[in-house]
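> This is what each chain is made of:
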Amino acid sequence: MSESPASSQSPEAFGASEAPQTNGAQPRVRGRLRGHSGAAILVDDLRVKRGKRAVLHGLSLSVPRGGVVGLLGPSGCGKSTLMRAIVGVQKLQSGTVTVLGRSAGTASLRHRVGYVTQQASIYDDLTVRQNLRYFRAVLGASASDVDRVLDATDLGDHASAMAGSLSGGERSRVSLAGALLGSPELLVLDEPTVGLDPVLRVDLWSLFHRLAEEGTTLLVSSHVMDEATRCDRLLLMRDGELLADDTPDGLLAQTGATDTESAFLTLIQRHPSSAEGGLE
Amino acid sequence: MNPGRTLATAGRVLTQVRHDPRTIALLLVVPSLLIGLLAWIFADTEVFNTIGPAMIALFPFIVMFLITSITTLRERRTGTLERLLSMPLGRGDLIMGYTLAFGLLAILQSAIAVGFAVWVCGLEIAGSIWLLLLVAVADAVLGTTLGLLASAFANTEFQVVQFMPALVFPQILLGGIFLARDQLPDVLREISDWLPLSHAIDALQAVAADSQDAAWIGGELLILLAWIVGAIVLGSITLRRRTP
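One line per chain: the protein sequences are A and L, in this order.
What the first sequence shows, in our numbering, is residues 1 to 280, in sequence order.
What the second sequence shows, in our numbering, is residues 1001 to 1244, in sequence order.
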């Protein structure tokens, strides 16, 4: 915990982790998150097939408003599919997804939800600024918003560089900057920190916590377990099913493990259908 | 649909093209070069004056079809389409934005092709050159909108390139270039009456020979326009926000 600047800059976001690992920690966080009206995301019995493969089989979960919620699990466990369902671009077999009180994908939600795909979805043959200007125009955000998000993602120096000439990490930051335009209430970020310099990763996590303090809900996926400690809440997924929905400390207390990786392993062993396979 | 978002999309596509000077050069010059080559091949005959107008319809149509279908497929493949569809962009905004951007390029391309054919290659135009240009532009825009529609049904670059022979070649074969349409077998003649390129070629030949009045040309233009609108509408409908 101590290596994370996020925890020192925003102690409130880590309120739970600073309390001793008792049952008292959990209600405190829950209470704070519940303080906002209703859940940000409600998924009920969601079933999704991609091609012939069933990816999500009856997934139900709820994400409270405000705070950074980590969606963790090995690659291929259905994180991206769940995120696609939440932003309303995934065809569903059955079940419902409610986002900010409305059915996911509703036209009015498209202003209120920001989405970053795993692969940087930007135009390589435009400059960084031209990319953001276009997304800004589509969102109808104010013109000054472009400079704000360039600043927030530390891309000011690259503003006039062609997106295609940037490194992978820089490109994914441009993609993230695009999602910050118009200050959406919910940010759905699919592996936003993959391949980033450690310093930059820390910077991004403090940005996420800053946004959370301003009231934004962030759903951040990752297959790197050590990012779990940076989240206010965790959703652990495996093979299209939810293994745990808890605070990082609650998870450790529940499993008696010392880190998230081993907590995850414990949960897999406890799970009824855990006979086969390892993590990856 | 929203005019601001449509124009922003058109502007974005044009900015992308602007960053690629080689594409612009190819786009604007290749049809004229092909027309020039044809004029050279038939230099000592009267053939160029008969098929020249058809070529003005053909090359821009093919080039715009290919460029549009590949560009929009790329949008699908790089994930930007998924991003846009999760944003408040209407499906019509996207299709119209592309149509406007490539339509503008089509106007430039057709203008150069017509100018080159008439003033450099000596194509004889008995009718109005403006009317000739108007039909040529409508035809190139049609190539654009059909390309947009085709890309909706393609998942890979291989597929989208195959749509060219599948959708465009039959129109060329039946369009009256190889054999005048009234000499085609009855069934093929019937089919060719329904194909948009046939009407574009008929109209261009009529302007070149000044064989029909403006009202008749207007009728042919309306048919092209109906195809353009149809392809835009169908393209918007087939663009799905939710994908499997």
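Please note that the accuracy of each hint is not assured.
Listed next, the stretches of chain A that the computed footprint assigns to chain L, with coverage defined by at least 3 CB atoms under 8 Å from CB atoms of chain L [stated by the list, open to error]:
1) 43-52
2) 69-81
3) 207-219
4) 246-260
A few chain L residues that face chain A, going by a derived Cβ cut-off under 10 Å, partial list only [claimed, not checked]:
5) R1005
6) R1083
7) S1086
8) R1241
Derived by calculation from the structure, the hints in this document are not laboratory data.
Since we're looking at a predicted model, the values are computed, not measured.
Built from N, CA and C at the ideal position, the CB exists for glycine as well.
> Determine for every hint whether it applies to the structure shown.
A quick look at each hint next to the structure:
no.: 1; hint: 43-52; result: holds (count 3)
no.: 2; hint: 69-81; result: violated (count 0)
no.: 3; hint: 207-219; result: violated (count 0)
no.: 4; hint: 246-260; result: violated (count 0)
no.: 5; hint: R1005; result: holds (6 Å)
no.: 6; hint: R1083; result: holds (4 Å)
no.: 7; hint: S1086; result: holds (4 Å)
no.: 8; hint: R1241; result: holds (6 Å)
The structure is inconsistent with the numbered hints 2, 3 and 4, although it conforms to all the rest.
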